[in-house]
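Starting from the given sequences, assemble the full structure and let the hints guide the process.
Residue numbers (our numbering), protein chains in the order written: chain A, 1 to 342; chain B, 1001 to 1342; chain C, 2001 to 2625; chain D, 3001 to 3625.
Incorrect hints may have been included.
[What the hints assert, rightly or not] List time: in silico DSSO-like cross-link candidates among lysine-lysine, alpha-carbon distance up to 30 Å:
| hint | chain 1 | residue 1 | chain 2 | residue 2 |
| --- | --- | --- | --- | --- |
| 1 | C | K2130 | A | K13 |
| 2 | C | K2270 | A | K135 |
| 3 | B | K1135 | D | K3130 |
| 4 | C | K2496 | D | K3205 |
| 5 | A | K135 | A | K244 |
| 6 | C | K2496 | D | K3156 |
| 7 | C | K2434 | B | K1321 |
| 8 | D | K3496 | B | K1135 |
| 9 | C | K2270 | B | K1321 |
| 10 | C | K2270 | A | K13 |
| 11 | C | K2611 | C | K2547 |
| 12 | C | K2130 | A | K147 |
| 13 | A | K147 | B | K1321 |
| 14 | B | K1034 | C | K2465 |
| 15 | D | K3205 | A | K321 |
[Unchecked claim] Not everything, but these chain A residues come out facing chain C in the computed CB check (under 7 Å):
| hint | residue |
| --- | --- |
| 16 | Q19 |
| 17 | R22 |
| 18 | Y30 |
| 19 | I106 |
| 20 | T134 |
| 21 | Q137 |
| 22 | S150 |
| 23 | P152 |
| 24 | G213 |
| 25 | L251 |
| 26 | C301 |
[Said to hold, decoys possible] Chain B regions said to be covered by chain A (calculated; three or more residues, Cβ under 8 Å):
| hint | stretch |
| --- | --- |
| 27 | 1181 to 1192 |
| 28 | 1267 to 1280 |
Treat the hints as calculated values from the structure; they're not laboratory data. Bear in mind that the values here come from a model prediction, so they are computed numbers and not experimental data. Yeah, the Cβ is synthetic: ideal placement off N, Cα and C, and Gly gets one too.
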Amino acid sequence: MNAPTKIDKLQPKDFASDQELRWCPGCGDYAIIKSVHKALADLGATRENTVFVSGIGCAARFPYYMSTYGFHTIHGRAPAIASGIKLANPELDVWIVSGDGDALSIGGNHLLHLLRRNVDVNFLLFNNEIYGLTKGQYSPTSRLGTKSPSTPLGSVELPVSATVFALGVGARFVARGIDTQQQRLPEVLKRAHAHRGASFVEIFQNCIVYNDGAFDGFTAKPVADEAQIHLEHGKPLLYGKDRKRGLRLDLRRLRLEAVTLGEAGVGEADILVHDETNRTLAGMLAALEPPMPVAIGVLYCDPAPTYEAAVQRQVDEVRAKQSRAPDLDALMRRGHTWTVTA
Amino acid sequence: MNAPTKIDKLQPKDFASDQELRWCPGCGDYAIIKSVHKALADLGATRENTVFVSGIGCAARFPYYMSTYGFHTIHGRAPAIASGIKLANPELDVWIVSGDGDALSIGGNHLLHLLRRNVDVNFLLFNNEIYGLTKGQYSPTSRLGTKSPSTPLGSVELPVSATVFALGVGARFVARGIDTQQQRLPEVLKRAHAHRGASFVEIFQNCIVYNDGAFDGFTAKPVADEAQIHLEHGKPLLYGKDRKRGLRLDLRRLRLEAVTLGEAGVGEADILVHDETNRTLAGMLAALEPPMPVAIGVLYCDPAPTYEAAVQRQVDEVRAKQSRAPDLDALMRRGHTWTVTA
Amino acid sequence: MSARAQSTAERIDTTAERRRLESVVVRFAGDSGDGMQLTGTRFTEAVALAGNDLATFPDFPAEIRAPTGTTYGVSAFQINFGAREIRTSGDQPDVLVAMNPAALKVNVRDLRDGGLLVVDTGSFKDRDLKKAGYEQNPLTDGSLKRYQVVEIDISKLTLEAVKATGLSQRDALRCKNMWTLGLVYWMYDRDRKATVDWLTQRFAKRPELAAANIAAVNAGHAFGETAELPGIQGFYVPPASISPGLYRTVTGAEALSWGLVAGTQLAGLKMVFCSYPITPASSVLHALAGMKQFDVLTFQAEDEIAAACAAIGASYAGALGITSSSGPGVALKTEAIGLAIGVELPLVVVNSQRAGPSTGMPTKTEQSDLFQSVWGRNADSPVAVLAARSAGDCFEVAVEAVRLATRFMTPVILLTDGYLANAAEPWRIPEFAKLQPFPVRFHTDTAGFQPFLRDETTLARIWAKPGTPGLEHRIGGLEKDYNTGHISYDPDNHQKMTEVRAAKIRNIANDIPPQIVDQGRPMGRMAVVGWGSTYGPISRAVSNARKRGLDVSHIHLRYLWPMPRNLGELLRGYEQVLVPEMNMGQLKAILRAEYLVPAAGLNKVSGQPFKIAQIEQAIVAGLEG
Amino acid sequence: MSARAQSTAERIDTTAERRRLESVVVRFAGDSGDGMQLTGTRFTEAVALAGNDLATFPDFPAEIRAPTGTTYGVSAFQINFGAREIRTSGDQPDVLVAMNPAALKVNVRDLRDGGLLVVDTGSFKDRDLKKAGYEQNPLTDGSLKRYQVVEIDISKLTLEAVKATGLSQRDALRCKNMWTLGLVYWMYDRDRKATVDWLTQRFAKRPELAAANIAAVNAGHAFGETAELPGIQGFYVPPASISPGLYRTVTGAEALSWGLVAGTQLAGLKMVFCSYPITPASSVLHALAGMKQFDVLTFQAEDEIAAACAAIGASYAGALGITSSSGPGVALKTEAIGLAIGVELPLVVVNSQRAGPSTGMPTKTEQSDLFQSVWGRNADSPVAVLAARSAGDCFEVAVEAVRLATRFMTPVILLTDGYLANAAEPWRIPEFAKLQPFPVRFHTDTAGFQPFLRDETTLARIWAKPGTPGLEHRIGGLEKDYNTGHISYDPDNHQKMTEVRAAKIRNIANDIPPQIVDQGRPMGRMAVVGWGSTYGPISRAVSNARKRGLDVSHIHLRYLWPMPRNLGELLRGYEQVLVPEMNMGQLKAILRAEYLVPAAGLNKVSGQPFKIAQIEQAIVAGLEG
Ligand SMILES: Cc1ncc(C[n+]2csc(CCOP(=O)(O)OP(=O)(O)O)c2C)c(N)n1
Ligand SMILES: Cc1ncc(C[n+]2csc(CCOP(=O)(O)OP(=O)(O)O)c2C)c(N)n1
Ligand code: SF4
Ligand code: SF4
Ligand SMILES: [Mg+2]
Ligand SMILES: [Mg+2]
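Quick look at the structure:
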């Protein structure tokens, strides 16, 4: 993704369009768009080379509120449309904004293949664990027992974890953020942008109308410190207010356990060190759920060649081999031909 | 799934229909159908309660060759159709047969949700790493660089691993088999059948016409012993002709490594013990690729309530609460009504 | 025949001093937070209880919760009620209640000249005006002089009325809608009791809210009685002549859900209802999710394709699979519907149409999916297509869809639209016991069995469900041999199978009633042919035209495919055929193609139902122009 | 005008002793392993080089590799060639070559009475007969007495012919087809040189195979010359009168691919071709995957929806997005096409039609996706629809599709079918430089910019691509304001936008040539109206009927939507309109709906192209009956 630096860098507000934001008052999307504006400004992005693509949903209204190029498409298909955009013009800096229904219900397959192919886009999944726009039905990320208009007695399906899914289908960059973390979220977005290839970012987003407080269990002020672990590559997996808590590998059961430094003989050396390039560790971190701390930040980052570059390389190689301009006449005349004279 | 035992149990051949098998001579599908016949006979399955559902592809022709009920549907949608069948009649024993394109290209999303919801079916993915029926295009499981009619210069996409995918989307039973292993494959199928909930089985299947020998690297006689590891719950992860090779956890890099017993001080105690219920281990095993041994057998098995049972339970509970037969008249008269008299 | 409605409450006769009206159209408009839908619903109930006929039109904002005071956050509810048969929610409101400037801005252009405009001046502060995009205050700039404007500080009066309950200002202000409702009750002499009862029950756990709201209703009512504001005048709308019976109000979504349940019960089947949420179809899913006692399973699938496929799977297994969506979602089901056609399984596909193309205007109505329903599939893929004309009619059509699907082993597409789904209308509640059952007989006979054995009359294939010993068979989307059901690539067989599939659907015409003429003669100068939710405005427009002495008839189609067997002959009996549709001319094209009648279109594609006057003008233009 | 074909080889004149034929139909039939398609292709080439006009019909088995010797594993290739203009692959073969009993069983019923039947007795062992399901040997039971049967042990003769090359028996037997080809070359006096050259090149790396195959060709040829078998007789088919130029044989899939490349080059665009494999559409993907030098990117998507969406994304970004599939796959693209209509982006959708419904008969041809193309979408969603009439015509139609898509900013659906895709025909190769370029001009002007600014003539919106400074904008599937392009729920605006979308497409009629009459008078007793691949049989049938003196004309449509502006008037000039279609009457319905002409259908839905005689009979029945 190109991010030409300009002398007069754009400010965050310069990335807002002239359209009034129409999310419900108090919706987490307001906070997220602020972080996106900030990240773009920090990156020195240009409006003309930035494209926001979305499907359908509350989250998917995002492009209308950006002063960049934007394409609000159809439900679930933004990854496919974005792939076409990148094939046509790999120079564009493409962001996809999606909801949990858009990305993981109707759009699950396209997301799978976008990530697997490693198309160089940034995919932001606003996970509010509900269908907002269609008025509150449960979604594939809704927790078991969710009461909603379509599940008046509670949902009976096990939810899918967005990040475990992303890792399972071969994503090379997987990260997490929280709507209200105005310092941290832009940094995660900038990491996503820096990663060449498909970057997958799950953002926990509060839907104040249909699923208010869904993430309070680990985002509410009083619990946040103890309920979140912020990942840093190469740093020990410590968390908590005094960074006294940490993650250790339970070797017998091959899983992560939460321990307290200084208790039961636990020392710094017992604590795992975060390695972004380790898919197994990323998988274990992604699977952590309360009462374990929820992993925030970059879970996994291990770049591989991007799809559109590989495609373009094949084209370029073929073209380079041609001694002269490609000649359709010659092509059509290849093989046996004959002349009929009058 | 019900498997009523009958006095005169059906023989494997009784599960063959009267239709001539129309796969290419030498196709791995012939071997697989034999294993399925054997497994059904061993299980004492009945023809009338068994349903084979498929999408489109060479593999998907399977139902026509079975003497059970069968539904050859449309490309990629067998999981959705099977879900409807199980909702309508949870008593039926439903098997889905699919190819790598059917299951992981067009049908990836339905498979995701089938596994996540844990619908009680057996899903068999015949993975030949190619589109057979449409004459040889690369598929989502084809290896990087696969030359095919649609990728004359070689494919540039990273393949998805069927089992890593299944684990990533929350499958509770994940196993692997090889078409030609006529002893082992029926056992894996029987384990899948015994598992209540969605059972996912990847079967490596040789497409003699478009991708011949794709799996020779680990299935060919001379290499098979050293290139496959056969999993048994509770047993150490040993393999090789003399079972001298084993898998150990490389703690520093958090990944599996292949070691030789007796070499460099490696003893039995260093070898990991297979635990079917450990998702992290299953994930590491699923990701093994040559030159590491390829894991065959049951990678993961950790039952959870099935979807259709939970749905039916809600219905039953509601119905149990009704003092008398449900009354549509009463329902339509609930709320404000008024009478107009002549 | 004179009719009298009996409600539990006593009616106070104050008719003496009131002006009598045959019918009246009232629109409540306010911010989405102002509770206008609730106000409208309560008013509807009171009006129905008083024996009026009525029709409503709820008009929601597209946004879930748009910022307060914006024009796109305006929510409106219109009701037309009267002493005569009411067929539409009314072309133009006689009365507009505007709770804020945005509501005024969006709605005032619809108010009839000289109509009554009630505004809450308490919400006309500068900030409110700005939010609505007014440069000047419309109350003072003379722009409203065509209307009879009544300015009331409803906010303030409400606050005063509920002061005693000790509610916060915020909560207290939320009673504004009830104050307004009280005022309108007074104006039309409608009983507050049902509303008071409802409030009591609704807020049973928060009695202070119940008390406040009731106080507001009463205060509004009292204000009407005492304040002698010009325009605030008492009217009397006598009860209408309505067929006797037990009534309720019902929305199309409700009636449809009940009809599907009734249909599956009449067929003796379990229902597996498979859907993916989409506006305006979701309400059917929601309704059925709460009807598990009737052996109804609902399945919220991962997408529309899965929903259609799961329904097909359910039908294969011997339940009735039903799938429901709106236009773009139904488009996704196309391939799966083709499978159901190929394997000849019953399937009901409900399409609650909305304005398109593409995402279009999801909350707005349109009837532009007729082409898609009748012809919108690859290959020769005939299905039956039905359309409901009104909220209550959804019940009957749903039963009929189930009947045809199971009797003919075919997908049936049932068309409603966003307007029908949401609008409430009075409905005479049917008695289940009086409906004709049509129990499905599954095939069990192993003798000479093959899965595509056909009934000689209907041409329907048999339904042999998995689990039946001895009937094990395989079906699929490939072409099947006519005699054995096995895969066949034989040319003549394909011809025969294509023809039998077509004949089976055409045959349905022999199983449905001939087309009747709704109004007017069975021949003459002009037939106005409609389908679906345009029934109301067409019906009234034709009545009006006929009153003017014009020779015009109204024909309204329930069966869009196949069409009733007498339709061609019937239409050929008219000099002109006018087809009003909320699309660019889809039924028109089908009628022309089928019967070569020179049907002409009257097309409205604005996301809004037809006005009576539009159709009346077209009739007049056709006959007098 | 007399024509003469010049090939690199010298032609030996042996015409003296040979019987002269105006045209002849030969069918090669054998097991799929027998190389019948290859045989047919080589023969086609030789015949073309000799200056004959020709048409072919390859008929593959549905299975990839069915077990040898089974009836469903039979593969056939038919060619009609002659000294006159050839318009179809022929109603009935004059000659049938049957390489085994299964091939005989499947094909013999098509052979004309008295036709020549060549069988390889070497493949008529008991086992072979049983596999084909013969109870008795048809060569001996008298069942073939209507034909002139020539029994040759081709297997044995081939083994002998190639013995010297030392091939294994298995490999040696694989040369049977070349032996047969040699024999047929002798029969029709066609030059072996091109085939010998081709074999030499093909097996450059395995010279022993080249030698063996060449030896087989020569041996077969020599056999013809020496063996005096009754029936094996020399014929002479003189060259046809063909417009001068450079020729090649081409399949529809090839010509279509080249046409799309030509079109995008003429438009000055990069092509992003997005597809998901499906029979019979995949060959276009395969062809374009090998054309990267022309700035053609091919994307094998995860499904048809993704393919359509990626193509739309590509067009959004300023390339030309093209997507290709067959009926069931196009059905899946419906919702996405709606988006392209809503956002008004260019898109070419190629549909290689096949027999349905559902999976149907994937390898068989049909033209039953016309309804889906013209009307098969939710909402009012007009697009342009074109159809190619022949393999070569695919080139021109593809160029035209690109032109219309970019000029009118609209999806264009291009219809071909399985028959066109696979059949090869001689084609006069166009010169790229002589094609009219239609370069796209992207919008760059920031003054007064909004994304839905329209061209006054075409009504097309501008194309402003991402990356252009100052034109940043947002588009989407929601309804857009006519003036600003912002989201709009305004009723009048929706009406206006719906109308402008419709007008834009109708307008295309002013940009395309008026409909011409292919044969016959521009008025009269009967017009036979066709579209797509029925061109050949209709054309010949009308010629034949006209030779009988009947007043009948042939009109063949390239533009199915919108239709040429003179079409209505033209059709009204005929007493009868007969519409032969390989479907149940889709164009017929559209013509009736559009023009109220009493079009009647002639419908064939067998997965096989029309025979000339079928159409001719219908014409005669209509005019004389
Ligand atoms: C084909 C199609 N199916 C269904 C819908 C209706 N629909 C719109 S958004 C949505 C889901 C919204 O949920 P999510 O993606 O989580 O986004 P949110 O609104 O919660 O941000 C649905 C079902 C649609 N627009 N198109
Ligand atoms: C909607 C649709 N798209 C495409 C196809 C064409 N198609 C049939 S099978 C297939 C893929 C086959 O590959 P796979 O699933 O791996 O099965 P295999 O043939 O290899 O067993 C495709 C693309 C189709 N039948 N339907
Ligand atoms: S419904 Fe929820 S997600 Fe949608 S805008 Fe409102 S608060 Fe946000
Ligand atoms: S093409 Fe491949 S997968 Fe298909 S039947 Fe032949 S060998 Fe088997
Ligand atoms: Mg959501
Ligand atoms: Mg495959």
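Each hint, compared with the structure:
{"no.": "1", "hint": "K2130(C) <-> K13(A)", "in the structure": "23 Å, holds"}
{"no.": "2", "hint": "K2270(C) <-> K135(A)", "in the structure": "28 Å, holds"}
{"no.": "3", "hint": "K1135(B) <-> K3130(D)", "in the structure": "29 Å, holds"}
{"no.": "4", "hint": "K2496(C) <-> K3205(D)", "in the structure": "50 Å, violated"}
{"no.": "5", "hint": "K135(A) <-> K244(A)", "in the structure": "42 Å, violated"}
{"no.": "6", "hint": "K2496(C) <-> K3156(D)", "in the structure": "43 Å, violated"}
{"no.": "7", "hint": "K2434(C) <-> K1321(B)", "in the structure": "27 Å, holds"}
{"no.": "8", "hint": "K3496(D) <-> K1135(B)", "in the structure": "48 Å, violated"}
{"no.": "9", "hint": "K2270(C) <-> K1321(B)", "in the structure": "19 Å, holds"}
{"no.": "10", "hint": "K2270(C) <-> K13(A)", "in the structure": "57 Å, violated"}
{"no.": "11", "hint": "K2611(C) <-> K2547(C)", "in the structure": "18 Å, holds"}
{"no.": "12", "hint": "K2130(C) <-> K147(A)", "in the structure": "40 Å, violated"}
{"no.": "13", "hint": "K147(A) <-> K1321(B)", "in the structure": "19 Å, holds"}
{"no.": "14", "hint": "K1034(B) <-> K2465(C)", "in the structure": "26 Å, holds"}
{"no.": "15", "hint": "K3205(D) <-> K321(A)", "in the structure": "24 Å, holds"}
{"no.": "16", "hint": "Q19", "in the structure": "11 Å, violated"}
{"no.": "17", "hint": "R22", "in the structure": "5 Å, holds"}
{"no.": "18", "hint": "Y30", "in the structure": "11 Å, violated"}
{"no.": "19", "hint": "I106", "in the structure": "4 Å, holds"}
{"no.": "20", "hint": "T134", "in the structure": "4 Å, holds"}
{"no.": "21", "hint": "Q137", "in the structure": "5 Å, holds"}
{"no.": "22", "hint": "S150", "in the structure": "5 Å, holds"}
{"no.": "23", "hint": "P152", "in the structure": "5 Å, holds"}
{"no.": "24", "hint": "G213", "in the structure": "17 Å, violated"}
{"no.": "25", "hint": "L251", "in the structure": "38 Å, violated"}
{"no.": "26", "hint": "C301", "in the structure": "29 Å, violated"}
{"no.": "27", "hint": "1181 to 1192", "in the structure": "violated (count 0)"}
{"no.": "28", "hint": "1267 to 1280", "in the structure": "holds (count 4)"}
Of the numbered hints stated above, those contradicted by the structure are hints 4, 5, 6, 8, 10, 12, 16, 18, 24, 25, 26 and 27, listed in ascending order.
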